[in-house]
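Residue strings, one per chain:
Number of protein chains: 2
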Amino acid sequence: MEFTRLNETHKKELKSMVAPDRFSTGDSNLDLHSRDQSHHEAFRPEAVIWPVSGDEVSAILKYANQHLIPVTGWGAGTSLEGNPIPIKAGLVLDFSQMNHILSVREEDFQVDVEPGIDYKTLNEALRHKGLFFPPDPGASATIGGMIANNASGTRTVRYGSTKDHVLRLSVVLADGEMIEMGTRASKTSSGYDLIHLFVGSEGTLGIVVQATLHLTGLPEEFSAAVVTFPSVEVAGKAVFGIIRSGLDPAMLELLAPECVDLMNREKGLGLDVSPTLLVEFHGPTKTQLADVMEIAREICQEEDCFEFRPALGREERDQLLKARHELGEMLRRNHPDRLTMAMDVAVPITAYPELIAMARKETRNAGVPAYVFGHAGDGNIHVALMRKAEDQRETEIIEGVSHRIVEKALSMDGTATGEHGVGIGKRKYMETEHGRSLEWMKKIKAVFDPNGILNPGKVFP
Amino acid sequence: MEFTRLNETHKKELKSMVAPDRFSTGDSNLDLHSRDQSHHEAFRPEAVIWPVSGDEVSAILKYANQHLIPVTGWGAGTSLEGNPIPIKAGLVLDFSQMNHILSVREEDFQVDVEPGIDYKTLNEALRHKGLFFPPDPGASATIGGMIANNASGTRTVRYGSTKDHVLRLSVVLADGEMIEMGTRASKTSSGYDLIHLFVGSEGTLGIVVQATLHLTGLPEEFSAAVVTFPSVEVAGKAVFGIIRSGLDPAMLELLAPECVDLMNREKGLGLDVSPTLLVEFHGPTKTQLADVMEIAREICQEEDCFEFRPALGREERDQLLKARHELGEMLRRNHPDRLTMAMDVAVPITAYPELIAMARKETRNAGVPAYVFGHAGDGNIHVALMRKAEDQRETEIIEGVSHRIVEKALSMDGTATGEHGVGIGKRKYMETEHGRSLEWMKKIKAVFDPNGILNPGKVFP
Numbered sequence: 021m022e023f024t025r026l027n028e029t030h031k032k033e034l035k036s037m038v039a040p041d042r043f044s045t046g047d048s049n050l051d052l053h054s055r056d057q058s059h060h061e062a063f064r065p066e067a068v069i070w071p072v073s074g075d076e077v078s079a080i081l082k083y084a085n086q087h088l089i090p091v092t093g094w095g096a097g098t099s100l101e102g103n104p105i106p107i108k109a110g111l112v113l114d115f116s117q118m119n120h121i122l123s124v125r126e127e128d129f130q131v132d133v134e135p136g137i138d139y140k141t142l143n144e145a146l147r148h149k150g151l152f153f154p155p156d157p158g159a160s161a162t163i164g165g166m167i168a169n170n171a172s173g174t175r176t177v178r179y180g181s182t183k184d185h186v187l188r189l190s191v192v193l194a195d196g197e198m199i200e201m202g203t204r205a206s207k208t209s210s211g212y213d214l215i216h217l218f219v220g221s222e223g224t225l226g227i228v229v230q231a232t233l234h235l236t237g238l239p240e241e242f243s244a245a246v247v248t249f250p251s252v253e254v255a256g257k258a259v260f261g262i263i264r265s266g267l268d269p270a271m272l273e274l275l276a277p278e279c280v281d282l283m284n285r286e287k288g289l290g291l292d293v294s295p296t297l298l299v300e301f302h303g304p305t306k307t308q309l310a311d312v313m314e315i316a317r318e319i320c321q322e323e324d325c326f327e328f329r330p331a332l333g334r335e336e337r338d339q340l341l342k343a344r345h346e347l348g349e350m351l352r353r354n355h356p357d358r359l360t361m362a363m364d365v366a367v368p369i370t371a372y373p374e375l376i377a378m379a380r381k382e383t384r385n386a387g388v389p390a391y392v393f394g395h396a397g398d399g400n401i402h403v404a405l406m407r408k409a410e411d412q413r414e415t416e417i418i419e420g421v422s423h424r425i426v427e428k429a430l431s432m433d434g435t436a437t438g439e440h441g442v443g444i445g446k447r448k449y450m451e452t453e454h455g456r457s458l459e460w461m462k463k464i465k466a467v468f469d470p471n472g473i474l475n476p477g478k479v480f481p
Numbered sequence: 021m022e023f024t025r026l027n028e029t030h031k032k033e034l035k036s037m038v039a040p041d042r043f044s045t046g047d048s049n050l051d052l053h054s055r056d057q058s059h060h061e062a063f064r065p066e067a068v069i070w071p072v073s074g075d076e077v078s079a080i081l082k083y084a085n086q087h088l089i090p091v092t093g094w095g096a097g098t099s100l101e102g103n104p105i106p107i108k109a110g111l112v113l114d115f116s117q118m119n120h121i122l123s124v125r126e127e128d129f130q131v132d133v134e135p136g137i138d139y140k141t142l143n144e145a146l147r148h149k150g151l152f153f154p155p156d157p158g159a160s161a162t163i164g165g166m167i168a169n170n171a172s173g174t175r176t177v178r179y180g181s182t183k184d185h186v187l188r189l190s191v192v193l194a195d196g197e198m199i200e201m202g203t204r205a206s207k208t209s210s211g212y213d214l215i216h217l218f219v220g221s222e223g224t225l226g227i228v229v230q231a232t233l234h235l236t237g238l239p240e241e242f243s244a245a246v247v248t249f250p251s252v253e254v255a256g257k258a259v260f261g262i263i264r265s266g267l268d269p270a271m272l273e274l275l276a277p278e279c280v281d282l283m284n285r286e287k288g289l290g291l292d293v294s295p296t297l298l299v300e301f302h303g304p305t306k307t308q309l310a311d312v313m314e315i316a317r318e319i320c321q322e323e324d325c326f327e328f329r330p331a332l333g334r335e336e337r338d339q340l341l342k343a344r345h346e347l348g349e350m351l352r353r354n355h356p357d358r359l360t361m362a363m364d365v366a367v368p369i370t371a372y373p374e375l376i377a378m379a380r381k382e383t384r385n386a387g388v389p390a391y392v393f394g395h396a397g398d399g400n401i402h403v404a405l406m407r408k409a410e411d412q413r414e415t416e417i418i419e420g421v422s423h424r425i426v427e428k429a430l431s432m433d434g435t436a437t438g439e440h441g442v443g444i445g446k447r448k449y450m451e452t453e454h455g456r457s458l459e460w461m462k463k464i465k466a467v468f469d470p471n472g473i474l475n476p477g478k479v480f481p
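Each protein sequence line maps, in turn, to chains A and B.
Taking the numbering used here, I'd label the letters of the first sequence as residues 21 to 481.
Taking the numbering used here, I'd label the letters of the second sequence as residues 21 to 481.
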């Protein structure tokens, strides 16, 4: 597909669809929308537009589709696989001005939002109502970005991914048509499930302009522990034991010692620099949680953990969680001369110990800075591999490590991406992972976006 | 679309694709596959085939697609909206011989099954491993049928619908191609979510020949109560109170007095003939459950319940649940001269009391036998309306009642079907419920089944 480069007429006409200060071709704005937090090469769009309504998005897409101009949605630019990098140039739609909570239906556990609101702001607004939107990717992601990537995080082991919390969507399609899908009922068997088709489609099928999210009540009580182990591999076995037990943790995070060390240095946490699990349970009473935590202790002690330190106070728990959330940022800050490849795979939980062992072996031998961590309770592992920007040898090294870990995960019936999405970096695995069903995904893409203007160059190989 | 009627050559060729005793054009077999448990008119297929493998299904569909022969999948025939009635004749594929558990991956909480296994048999086999497949539609549904309709039931309020438990599917498409979709990892952001597109598509996009289900650990403890109320409307308010409280019930079933009366007569239960809620909680300890039940009692007493009878023993709980599951059967048995329309809508929980009040008023005035019950915790109401088979006046009455209840549910942002699917009876509401997005469902249908041979005449108006 040959796309159109914006000429002065296009720019003038697009600018006229929004307020003049919400259309920019300025260098700094183009640069700001040329890269996410991944290691992927930057590409500048030709213009950035900040829409304020679905109608504006609709008018822009209609025009772009007629003129074969690529359009890529933009949340907070925090994704990790190049998902919003406009590699075919064209327009970036930045949703930072569509960031409102439209209504809270507290007693239905529902909220209507625009896509540009970030989930931290949303949860802050919901907290005093005793509600929250549980998927918790860590970075300051927007709801629109989370929907596009089916984001998940530290709370997913108990509360599910973004896809489990979306009831309704308003979506603008490639030709500018706006459609609404879903229902406010908590369940439905009515027609095809378009919601789940759009969640995780990375802005390649349409652009979300409004969403109704199903919320969860804040837990009455929590109980958290820090557990240290002689090796990451053994910690992986304890993860498997806890999941198998059915204890239903609300967090089960794995940190290799290099991560703990970094968090200590940055945040003065004073943790033992050992392979570590952060474990948390949610429940109705302190007594019940104490029982659950005791079982978790037994499981970890059977795996010869070094130390099991339960009963963290809220302050310490919050501090640890904050440090864990900022880990990606710390990595980038501590290696200012390097780009981070934060690779992401997930496997069934029985395969987790073997995957962890394999990944550790790879990172030990890599010869570049490498950090292993993950949402262990989901069988989800992240390996951050740091390379010098222009170093071809290091680029080959980290691509080799990443490739072998992805292939390993796929060989164990896992997925090439648990939560970062396909973006640019995982396109080459789509055939292996999906086989013939990939062809049917392409056919669906062709139905919704026949000219291929929506986030071109992503998801498909 | 004009379909082909089977001639002798078609029959001979189709018969040669399977063993001779797995192809039938006999009257009794055609009759058995001409109706489900709904009130919809019976239509006989032209032949019934019992496949034993995905390859057989593939060969049959390839042939049927070339010759424009309709194909409708068949589980147990327990659906309630005419979903598997072969209204355009052609072939019915009966999956009762593809009913095997292929493997239990106990430690991954997963099972691989063929579609013809019924969920009761599956759960019986899983019980001694401490696992279960939670969606619980009551009738002896097969897993294939549950996937086709995104079935749910008494346990959905806590554990979700069928769609929340399907990890992988093998599906034969209209042209005979078999594709696999999904992953054994507990989460993924890899490509479009085809799983959720197929779950609930009522066999109109493809035919499931294998599924991997995610299982749940059997709860450690349960606590159940029977609560009676002065009116169904008031019981509806208590439902809202319990859901709003975040107590997370594992069952919250509403029974109008006529249902209780029937269950008493059939099962000798000796319950008070009043509007009744069956409430159940699952949890880790008896102590915790006692606390939760106490809060539920307070909520019900605030609504002036007649009686709150907690601490049912396992035997009584099982007996009540069994009677609830057999309610549909009892209705049919007690009105042998009548057909049952078991209508099904769901609304957001705040709208539930009003919907219940409206439905009660309708059934009181209907002048035909009518029974109100529902999975109240999901905002899901069922109204069973009984009509004489050939009575035009009664047919108009029940269609009027049903129509007004569906319109009411849709006006409150609910859905025309919470769990029975669209089938035949709800097609006419698809435009109102889905608006323009219905057109996009049709386009997806056209991609997967361009000749429209798969379960024709369903889902779409």
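Keep in mind that the hints were calculated from the coordinates and are not lab data.
Check each hint, because a few of them may be wrong.
One copy or any two copies: either way a pair holds, since identical chains are not told apart in the list.
[Said to hold, decoys possible] Cut-off 20 angstroms, straight-line C-alpha distance, at most; resulting in silico cross-link-like pairs (SDA-like, lysine to any residue): (1) Lys-465 / Glu-200; (2) Lys-462 / Asp-195; (3) Lys-257 / Arg-334; (4) Lys-108 / Gly-288; (5) Lys-149 / Leu-267; (6) Lys-140 / Ala-62; (7) Lys-31 / Asp-41; (8) Lys-108 / Asp-357.
>> Flag every earlier hint the structure violates by its number, smallest first.
In response: Going through the list in order, the structure violates hints 3, 4, 6 and 8 and respects the others.
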